[in-house]
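Undergrad: Sequence:
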Amino acid sequence: MKRRQPTSPAQALLAALIGAFFFFLLVSIPARTLAQQPLPPELRVEAVRGAGWNDTTPPTDGWTRVTLPDSWAERWPGFDGVAWYRLSWDQPAQTDETGLLLHYLNMAGEVSLNGTPISRDQNLVEPLTRAWNMPRYWLLAPPLLKPGATNMLMVRVSGLSAYQAGLGPVSLGRPTAVQATYEQERFVRRDLQVLGLAVSAAVSAFFAALWLLRRRETAYGWFALMSVLWLLFGYNQIATSPWPFASNHGWQALNTSLLLAFGVSYIVFALRFCASRMPRLEAAALVVALAGVLDLWLASGLDLPVHRAIWTLVGGLTVIAVNSASIVHALRHRASPMRSLAPFMAVSAATAMHDLLVFTQVIHSNIYYTTMSSYVLLLGMALTQAGRFVSSLKRIENFNTELIEEVNAAKAELAATLAQQHALELAHARIGERVNLASDLHDGLGGMLVGSIATLERRPEELSAPALLAMLKSLRDDLRLIIEATGQHDGARAFGELLAPLRHRTSQLLDANGIDCRWQVSNIETLELPPSQSLDLLRFLQEALTNALKHSAGRRVDVAVTRTGAELQLSVRDDGRGFVVDGADKGAGAGLRSLRARARRLGAQLRLQSRPGETRLTLQVPLAAEAG
Numbered sequence: 359m360k361r362r363q364p365t366s367p368a369q370a371l372l373a374a375l376i377g378a379f380f381f382f383l384l385v386s387i388p389a390r391t392l393a394q395q396p397l398p399p400e401l402r403v404e405a406v407r408g409a410g411w412n413d414t415t416p417p418t419d420g421w422t423r424v425t426l427p428d429s430w431a432e433r434w435p436g437f438d439g440v441a442w443y444r445l446s447w448d449q450p451a452q453t454d455e456t457g458l459l460l461h462y463l464n465m466a467g468e469v470s471l472n473g474t475p476i477s478r479d480q481n482l483v484e485p486l487t488r489a490w491n492m493p494r495y496w497l498l499a500p501p502l503l504k505p506g507a508t509n510m511l512m513v514r515v516s517g518l519s520a521y522q523a524g525l526g527p528v529s530l531g532r533p534t535a536v537q538a539t540y541e542q543e544r545f546v547r548r549d550l551q552v553l554g555l556a557v558s559a560a561v562s563a564f565f566a567a568l569w570l571l572r573r574r575e576t577a578y579g580w581f582a583l584m585s586v587l588w589l590l591f592g593y594n595q596i597a598t599s600p601w602p603f604a605s606n607h608g609w610q611a612l613n614t615s616l617l618l619a620f621g622v623s624y625i626v627f628a629l630r631f632c633a634s635r636m637p638r639l640e641a642a643a644l645v646v647a648l649a650g651v652l653d654l655w656l657a658s659g660l661d662l663p664v665h666r667a668i669w670t671l672v673g674g675l676t677v678i679a680v681n682s683a684s685i686v687h688a689l690r691h692r693a694s695p696m697r698s699l700a701p702f703m704a705v706s707a708a709t710a711m712h713d714l715l716v717f718t719q720v721i722h723s724n725i726y727y728t729t730m731s732s733y734v735l736l737l738g739m740a741l742t743q744a745g746r747f748v749s750s751l752k753r754i755e756n757f758n759t760e761l762i763e764e765v766n767a768a769k770a771e772l773a774a775t776l777a778q779q780h781a782l783e784l785a786h787a788r789i790g791e792r793v794n795l796a797s798d799l800h801d802g803l804g805g806m807l808v809g810s811i812a813t814l815e816r817r818p819e820e821l822s823a824p825a826l827l828a829m830l831k832s833l834r835d836d837l838r839l840i841i842e843a844t845g846q847h848d849g850a851r852a853f854g855e856l857l858a859p860l861r862h863r864t865s866q867l868l869d870a871n872g873i874d875c876r877w878q879v880s881n882i883e884t885l886e887l888p889p890s891q892s893l894d895l896l897r898f899l900q901e902a903l904t905n906a907l908k909h910s911a912g913r914r915v916d917v918a919v920t921r922t923g924a925e926l927q928l929s930v931r932d933d934g935r936g937f938v939v940d941g942a943d944k945g946a947g948a949g950l951r952s953l954r955a956r957a958r959r960l961g962a963q964l965r966l967q968s969r970p971g972e973t974r975l976t977l978q979v980p981l982a983a984e985a986g
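All letters in the sequence shown, in the order written, are residues 359 to 986 by my numbering.
These are calculated hints, taken from the structure and not from any lab test.
Take these hints with a grain of salt, some might be off.
[Stated by the list, open to error] Derived DEER-like restraints, expressed as beta-carbon distance ranges: (1) A767 to L553: 51 to 57 Å; (2) P501 to R433: 33 to 39 Å; (3) L571 to S682: 29 to 35 Å; (4) S749 to A559: 25 to 31 Å.
By construction, the Cβ of each residue, glycine as well, lies at the ideal position given by its N, Cα and C atoms.
Construct the complete structure from the given sequences, taking the supplied hints into account.
TA: Rendered as structure tokens:
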């Protein structure tokens, strides 16, 4: 059956465009809301470096005019510590309330208005509170706010130059408009980040469970690992403490290490999703990632920011490279499963490029979109999986038709095979019946004829008409036994009743040839056997006695028929000249072959022992439970 693509490229592109549209709609709302609000009072912003980490009072001189957002690394390279920002504006006299929004400060800070503290983070020295991605909103009113006068907002920022320390935009104006901006800003910086991480956690659990149930789907396992690593890396967006580290340097080393590990897992996932392996590329990526992790953890605190910047670029470029290569592969190979993910990877590549530009401060912002846009790639995987599920349902719907066709073909083939086998079995059965009939004639009528001929040759003058008649009746009885057994009549017959005529005939025959025949029969009075089994037992005895008559040259034959539990034992012993058993096995005549064939049909064990002066044949026959 023709293989169906899980998700068509057109469907994937449409879903990616819809996801991207809603994503950029959400992240652009704060800017549009801020642009639509009334113009705020003019802010005058100044900044100055503090004296040390424990600085509690701003300096009186050294203030410099700055614009927001401000990253002090450009003005004070390598400066780690406290910076003071002084924001002043003239509040209109007729205004009772004003909304104040501080979009972000990096890394931790304390805020006061007109000398009154209104906000303070928990740790203003290492380990610094990680409040860099947290907007703050206040509703300012008298007496804290001074209408008709100059108001001053003092912001104390504790930060590390390497991590874009500084102060973000400040919005001041009508409370409803500023609060709406705050809510959208918080939605983008906090709520949407949490949502992306929650979706990553759920998808990780889902694909991990899917991989555990279907281990051969290794792409699912790598996607689950990739999602877990991205979840841990993205937690940086909402973390408020560098725990368990004593400083933010350790936290940043861990975060960058997670990005490198994610890059490796992303490479392997993309390859496995295309059912491909590139051992050298995978090994090289792993070696680079391990080298980066080792370099990060061995670097000193002062050198770590430089190493972190290098390896963050490596990790980010790896993600962009994987996305780009996957898109190119999808365009070149129409049957590639990557075609369903390529549009989503394009969105991921665009956000990754944006975040690298933000990280390198080419774009002056501190909003990172990759974590928020991760749901777009997850949407692609979900659609791909849904497409495979729908394809499986369609295959199941068509399964009955295919199954009926295959069953009919198998039935026709089986009927032809059975007809051929039946013909072979019939031919085999006919041959078997002929062989059995020949064996019965040889062991039965043949033995009787041999004995009769021997009697006539010894004493032809003493053979009277009654004796000849008795001889012919014996042959008739033997022929009747063959016919009954060949007919496979149902119903068991008493074995003792069938044995008596044979015992009488063979005893007379052996006596007539000067051989003393003695019988010992025990525990067969109630034994009833099927005709075919009875015939095989009688023919065994008859052939054994005929062989003794023809070949032994002995003077005495002992016959024992004994039933012991679930076993019947037949034994024929003569005192003749004997023979070599091994030689008899190699050049066995029709008589010995017939004895062995009957033993096999009966499922019995045949033992042959011979030496000069004694030859013994023993047949041990297991009896069925229904035997009388």
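Undergrad: I'd like to know which numbered hints this structure contradicts. Please list them from smallest to largest.
TA: none
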